[in-house]
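Those protein sequence lines, which keep their order, are chains A and B. Each residue of the first sequence is one higher than the one before, starting from 521 at the first, in my numbering. Each residue of the second sequence is one higher than the one before, starting from 49 at the first, in my numbering.
Any given hint could turn out to be false.
Unchecked claim - Dumping the calculated SDA-like pairs for lysine to any residue here, alpha-carbon to alpha-carbon at most 20 Å:
1. A/K562 / B/S72
2. B/K92 / A/Q521
3. A/K562 / B/T160
4. B/K99 / A/M619
5. B/K110 / A/M619
6. B/K92 / A/A549
7. A/K522 / B/G107
8. A/K522 / B/M108
9. B/K92 / A/S560
10. A/K562 / B/K110
11. A/K631 / A/I538
12. A/K562 / B/K92
13. A/K576 / B/E150
14. A/K562 / B/P56
Hints in this document: simulated from the structure, not taken from any laboratory.
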Amino acid sequence: QKEVEQDPGPLSVPEGAIVSLNCTYSNSAFQYFMWYRQYSRKGPELLMYTYSSGNKEDGRFTAQVDKSSKYISLFIRDSQPSDSATYLCAMSPYNAGNMLTFGGGTRLMVKP
Amino acid sequence: NAGVMQNPRHLVRRRGQEARLRCSPMKGHSHVYWYRQLPEEGLKFMVYLQKENIIDESGMPKERFSAEFPKEGPSILRIQQVVRGDSAAYFCASSRDRGYNEQFFGPGTRLTVL
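In isolation and in its complexed conformation, chain A is listed as follows (with noise of 0.2 Å):
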């Protein structure tokens, strides 16, 4: 079993529809939280960084963190063809140095 799962679509939405993009961990020790996008052929972008549980929004996305769910959750509004693209969730330990542990990504598709 993997340590990140992310289920890896594709998710298809018409334009304008909320998009709910998701992962869930089996690491505990997990404390910090992240989400990237990235387009076809390009690097990670990162998007949004959360520590511990709770919401972070940021324009049209939310990140939401459920530490007891080992969930977190990734929300964007008003959905764009531009966002068409794969999201990647990551996460570190607090203690354990500096390497993200990735999930596979979900492959998100937005139509006009």
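Since the structure of chain A is provided, determine the placement of chain B on it from the hints.
This is chain B only, laid out in the frame that chain A set:
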């Protein structure tokens, strides 16, 4: 604001040759990380370096792979005697210091081994 720079962007090598991948971190960043992304797989950590120090190489294959981050110049990931299974995208990331987990990625080097 220059981001993380990697070169070359594409590298083709024949089996048995050496591959050298370079990474220049963002300005003000002194920590460098290398990750590998195999086709249809997620990013896997390889090595974490500071200037002149390897901090964590737990993700590096035991043979043929090495990394350095000299006092001057870019970080180098070296793969000796490449094999077809080394074909992948190699990404470098940098962060400000150990206390910050926000890692910013470069565009990657796509290595193809013929």
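Of the numbered hints stated previously, which ones are contradicted by the structure, given in increasing order?
10
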